[in-house]
Amino acid sequence: MTAPLARHAGVLARLSNVDKVYANGTVALRGLDLEIGEGEFLSLLGPSGCGKSTVLRLVAGLGDVSAGRIEWSGANGRAGLPRGDIGFVFQEPTLMPWATVWKNVLLPLKLRGVPAEEADGRVREAVGLVGLGGFEHAYPRELSGGMKMRVSIARALVTHPRLLLMDEPFAALDEITRFKLDNDLLELWAKQRWTVVFVTHSVYESVYLSTRIAVMTARPGRTASEVAIKAPAPRDDAFRTSPLYNEYCREVSARLAAASAT
Amino acid sequence: MRAVLGRAVPPVVIGLIVLSLWETLVRVKQVAVYILPGPLLIVTTLVKDWGTLYPSLLVTLAITGAALLVATVAGVLIAILFTQSRWVERSLFPYAVILQVTPIVAIAPLIIIWVKNIPVALLICAWIVAFFPIVSNTTLGLNSADHNLLNLFQLYGASRRQVFWHLRLPSAMPYFLGGLRISGGLALIGAVVAEFVAGTGGTQSGLAYRVLESGYTMQIPRMFAALFMITCTGIVIFLALNGLSHLVLRKWHESAVAREG
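One line per chain: the protein sequences are A and B, in this order.
Each step along the first sequence adds one to the number in my numbering, with nothing skipped, and position 228 is 228.
Each step along the second sequence adds one to the number in my numbering, with nothing skipped, and position 127 is 127.
FYI, nobody ran anything at the bench for these hints, they're computed from the structure.
Even for Gly, the Cβ is constructed at its ideal location relative to N, Cα and C.
Just to be clear, a hint being listed does not mean it is correct.
[Said to hold, decoys possible] Only some residues are given here: those of chain B computed to face chain A with a beta carbon under 8 angstroms:
1) Pro170
2) Gly243
3) Lys251
[What the hints assert, rightly or not] With a straight-line cut-off of 20 angstroms between C-alpha atoms, the simulated SDA-like cross-links for lysine to any residue are:
4) Lys180(A) x Lys110(A)
5) Lys251(B) x Trp102(A)
6) Lys110(A) x Val13(B)
7) Lys110(A) x Asn148(B)
Please work from the sequences and hints to get the whole structure.
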């Protein structure tokens with residue numbers, strides 16, 4: 001159920017006491033509370049199968065909550081689901097195999113009827129942002145896993161979303177590629193300041209990227225605790241080796257262990 | 001090109017060996033021509049009777065082609081209708097199955113009685129045989145669009161029409177082409193069977209009738225020649241549809257992409 005949210009400074013969406021029960025009886029979420037702040041980089045961290053992806057899908061409007069509510073503070077006071085302002089990056093690249101990189105990235109704009117001239121510029125920009133310039137006419141099968149994921153990110157960014165939902169996007173990538181994509185993502189976020197909800201099962205990745213981490217329990221999932229990561233921006237490889245980073249990793253790991261044990 | 005030659009050589013060699021054995025056997029054993037003519041005699045008959053056989057080939061080809069065309073158009077439209085509503089599919093699909101499993105030989109006489117125009121009757125018979133693989137494959141294809149891509153389209157507020165054109169139709173393409181390849185052969189079989197049942201002579205008679213007629217008049221070499229032409233027609237249809245499939249899918253579908261390395 002979607003309802004207007006009493007305007008609260010800086011909150012984009014609030015999930016209150018959300019349950020999600022699938023048709024087969026699986027209880028994915030039970031009594032989940034979560035606030036998504038405007039402009040923050042929020043990570044959902046939890047063990048496999050804890051319902052992290054389910055939270056993202058509910059926020060995206062792909063499926064309804066079984067109980068509880070999701071409230072939105074709409075732009076210019078208008079409440080409602082900002083569907084047009086959401087970009088989604090799935091676990092898999094989820095590209096159309098029959099279409100080139102260019103056409104895959106163009107898709108959201110085409111579905112919305114954005115004029116060709118404007119769309120061309122935006123696609124070029126998005127393809128460039130993810131470092132795939134020169135591969136516009138390649139088909140997905142000709143690309144590596146990492147490049148496919150970059151296409152998927154470009155497709156999510158091409159609409160200039162206010163909220164970017166990412167479901168373990170880099171989990172299948174090698175470490176070098178993942179670090180590079182982490183840095184690129186942070187750089188883009190610093191510049192463009194969309195709100196990010198990032199699902200991951202990596203403590204290190206969540207600490208590196210996030211301004212706040214919500215640690216979830218094992219299934220049925222709910223928020224066990226939250227950690228604000230107060231580290232300076234811009235974050236770079238120096239941050240990865242700093243004592244502060246290690247301290248946060250230790251704390252988040254402990255909280256994750258505690259949450260998984262309950 | 002070398003790969004194509006490499007693939008073509010072994011079956012051609014086998015064919016030549018079998019034909020030589022056949023010719024030798026017929027000559028050594030002095031098999032009567034009306035029991036089993038040798039390949040050389042069949043070829044000479046084919047050349048000699050080309051004037052009769054070629055028009056019949058055109059008749060059979062026309063019926064097969066028209067039936068395949070109608071089966072494709074009707075099959076795709078019916079498949080689209082099926083995917084618009086579960087109820088339509090549930091209500092009509094059993095009848096498509098019934099049409100498919102009823103032997104065409106059994107219903108062809110009825111159709112020929114009901115439809116006075118023989119070419120049209122033959123076309124209907126061939127169509128009945130050919131359309132099912134296209135309907136069932138295309139329906140399957142339209143329903144097998146990637147689930148996450150459907151979610152993505154939903155997320156970006158795609159209309160039903162957009163989902164259909166940009167997602168369901170391209171997803172269905174490999175399935176449709178698979179169905180088309182089966183239907184191509186079936187259309188020919190349907191046309192030939194219907195011609196056998198109709199058994200009419202005259203200028204409008206196809207290759208199947210030439211087979212029948214040659215049998216009645218004990219012109220067994222000509223019977224074989226007509227049979228040979230039917231087989232060749234089937235092979236050409238198969239190769240043509242294979243080529244079409246490859247042409248459409250070569251950029252992206254695993255079935256048409258050469259494995260690297």
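Practice item. Measure nothing beyond the straight line between the CA atoms of Lys180(A) and Lys110(A); if it is 20 angstroms or shorter, mark the hint as holding. Key: violated (30 angstroms)
Exercise for review: For the hint on Lys251(B), just tell me whether its beta-carbon gets within less than 8 angstroms of chain A.
Suggested key: Holds: closest Cβ of chain A sits about 6 angstroms from Lys251(B), inside 8 angstroms.
**Study point:** Pairwise hint evaluation, Asn148(B) against Lys110(A), where the allowed Cα distance is 20 angstroms at most
**Key:** holds (18 angstroms)
Check your understanding: Given Pro170(B) as an interface hint, is the shortest Cβ-Cβ distance to chain A below 8 angstroms?
Key -> Holds, because the Cβ-Cβ distance from Pro170(B) to chain A comes to roughly 5 angstroms (cut-off 8 angstroms).
Practice item. Closer than 8 angstroms between Cβ atoms is the bar; does Gly243(B) clear it against chain A? Give me holds or violated. Key: violated (19 angstroms)
Exercise for review: Given the hint that Lys251(B) pairs with Trp102(A), test it: the Cα-Cα distance must not exceed 20 angstroms.
Suggested key: holds (15 angstroms)
**Study point:** Agreement of Lys110(A) and Val13(B) with the hint, judged by alpha carbon distance not exceeding 20 angstroms
**Key:** This hinted pair is violated, its Cα atoms lying about 54 angstroms apart.
In this structure, the hints that do not hold are numbers 2, 4 and 6, in rising order.
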